[in-house]
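Residue numbers (the working numbering), protein chains in the order written: chain A, 252 to 541; chain B, 19 to 313.
Hints are computed from structural coordinates only; laboratory data are not their basis.
Quick reminder that beta carbons are idealized off the backbone N, C-alpha and C, glycines included.
Treat the hints with caution; some may be incorrect.
Computed beta-carbon distance windows for the label pairs [what the hints assert, rightly or not]:
#1 A:K503 - B:D266: 39 to 49 Å
#2 A:R460 - B:K207: 45 to 55 Å
#3 B:G91 - A:D497: 41 to 51 Å
#4 B:W161 - A:G463: 32 to 42 Å
#5 A:N461 - B:T30: 42 to 52 Å
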Amino acid sequence: MPTETTLDPAAAGARRFVGKIAVIAGAGQGIGRAAARRLGQEGATVMAADLIAASAERVCDELAEAGVRAASFTGNLSELDNCRALMARTRELFGRIDVLVNVVGGTIWTQSFQYYTPEQIEAEIAKSFWPPMWLCSAVLPYMIEQRAGAIVNLATHAVASRYRVPYAAAKGGVIALTSSLAKEVAQYGIRVNVMAPHATQADDRVTPRNAGVALAASELPPEERAERDRFFGDGFVGRQRGEFIDLEIPMKRFSRASEQAAAIAFLASDDASYITGQVLPVGGGATYPF
Amino acid sequence: MADSGSERSRPTLDARAAGARRFRDKVVIVAGAGQGIGRASARRFGEEGATVMVADIVEDSARRVAAELEQAGVRAATFVGDLCELKDCQALMARAKEVFGRIDVLAVIVGGTIWAQPFQYYTPAQIEAEVRRSFWAPMWLCWSVLPYMIEQRGGAIVNLATSAVVSRYRVPYAAAKGGVIALSTSLSKEVARYGIRVNVVAPHGTDSDDRVIPRDYGVNVAASTLPPAEAEERDRFFGGKGVFGVGDSVRQEVPMGRKAEAAEQAAAIAFLASDDASYITGQVLPVAGGATFPF
Chain A
252 MPTETTLDPA AAGARRFVGK IAVIAGAGQG IGRAAARRLG QEGATVMAAD LIAASAERVC
312 DELAEAGVRA ASFTGNLSEL DNCRALMART RELFGRIDVL VNVVGGTIWT QSFQYYTPEQ
372 IEAEIAKSFW PPMWLCSAVL PYMIEQRAGA IVNLATHAVA SRYRVPYAAA KGGVIALTSS
432 LAKEVAQYGI RVNVMAPHAT QADDRVTPRN AGVALAASEL PPEERAERDR FFGDGFVGRQ
492 RGEFIDLEIP MKRFSRASEQ AAAIAFLASD DASYITGQVL PVGGGATYPF
Chain B
19 MADSGSERSR PTLDARAAGA RRFRDKVVIV AGAGQGIGRA SARRFGEEGA TVMVADIVED
79 SARRVAAELE QAGVRAATFV GDLCELKDCQ ALMARAKEVF GRIDVLAVIV GGTIWAQPFQ
139 YYTPAQIEAE VRRSFWAPMW LCWSVLPYMI EQRGGAIVNL ATSAVVSRYR VPYAAAKGGV
199 IALSTSLSKE VARYGIRVNV VAPHGTDSDD RVIPRDYGVN VAASTLPPAE AEERDRFFGG
259 KGVFGVGDSV RQEVPMGRKA EAAEQAAAIA FLASDDASYI TGQVLPVAGG ATFPF
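Build the full structure now, drawing on both the sequences and the hints.
Quick look at the structure:
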């Protein structure tokens, strides 16, 4: 059992996931890794799934080293077959699936909509819309059979921002997937919620945003590029302050991945036993429109 | 978890906390702590290590809850007053500061509909009583606590709204709570710079088996007489004459098909008040069994 500070001190001693099996889809870095650490800290058995084998194994090793029961799964979770294999493997190893956290996704490019090529748009939808759809579909038979389960999907504050229209549209779809699915499966004791992060520091990023995407970036006119770069600063890293922080975030800072993980853990835990179909914005006070 | 051994032996106030101690060294004011969601919140905060100021309009209720906490080894004090009145709210904050030295969390539970009936049967005096209870208490409590939290450069406020904003028979209460939502969202933007967070939990129907005072406690306004057919329809909606059972309201509005336990509301209140929500402000968290929430 991990000590109070091994994986995530924010848990403050809580052990809400003792005896629970949690699948984290996209656990290799960033919010996914933070969620795996938080749930592990609180006693969960964790299936760390990622597109990149080295990332999944690294997180799995971190957890195991802290005394958490963990396994890794590698596969492209934009594909239904892989999502089904993930659930079957989890069931085979651990006997059940109590929690599914869908962190897979994230914008590949940032540019005004007219500069997206049709292929880029399809790639964004493949990465951010289809994984939660297929993962929810693949886990449902297990959770219905168990008559219990909690699913947490991820949305984004980009739905009310700029330069990421295809990604924003994908995540709008994920919200509707969640809120409508929640009403159908409440009768089986299954809860489905959404956590909507704003900009989050992912200092541990090892996989580039375009991993596995064999598409060229668009050539932007210099003016468009300069404006976009002013908006974001130096990408999402936050060393060079982007305009969007002051425009959109009253707290005027990035979030830490562990702050997103705390909200995911809340929604996945019995603390949220009367909460389903809801969107929880973790956005430093930014106005959220859904 | 060095101290968990000794803690395991004390009476458990809320097992749902699962060992969490997020409020160690924090001073928490629960306004309306005498019963129901307020009492459950006081127990959850206490379970997680908080020092709790138990404020209520009814002295016996405040004392009962404080005694429960103290028996479990939690540092607690009581404050008795009418928190719809600004001067009582100011006295509460001054007293908490005097006794405990600071105010880290304010949970505003005071409020709740007094009557349930179609809008046209509310008298003007009833409407004023509803707004006084459910709108003014959070307004004055937030205003009174702000100087302390601004001086500390830190704090967390949790207000309560309600799923009644999209339901029936409680228009004045719903309107008051709509106001509380806007109070919270706009205030959160102003005070983010001071490290103060302001959020809202929006409960649906919640069991309060421990209710000791009637909804119209301290309200010197007569109830309306409803035509029998109207009263019958209302009672079907709420599932019995007592507000509220499991009636059409729960069946029609709540996919989970049951009411909440007070501890489920307290869990969400504790989450928003804790550092687990350190990047969350100005938000409404519906705790409503899946009911659609419009804000």
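Tested hints:
1. Roughly 46 Å separates the CB atoms of K503 (chain A) and D266 (chain B), a value that falls within the hinted 39 to 49 Å.
2. Between R460 (chain A) and K207 (chain B) the Cβ separation comes to about 31 Å, which falls outside the hinted range of 45 to 55 Å.
3. Between G91 (chain B) and D497 (chain A), the C-beta spacing of about 46 Å keeps the proposed range 41 to 51 Å intact.
4. The given range of 32 to 42 Å is broken by W161 (chain B) and G463 (chain A), whose C-beta atoms sit roughly 54 Å from each other.
5. The given range of 42 to 52 Å is respected by N461 (chain A) and T30 (chain B), whose C-beta atoms sit roughly 51 Å from each other.
Hints 2 and 4 from the list above are not met by this structure, while the remaining hints are.
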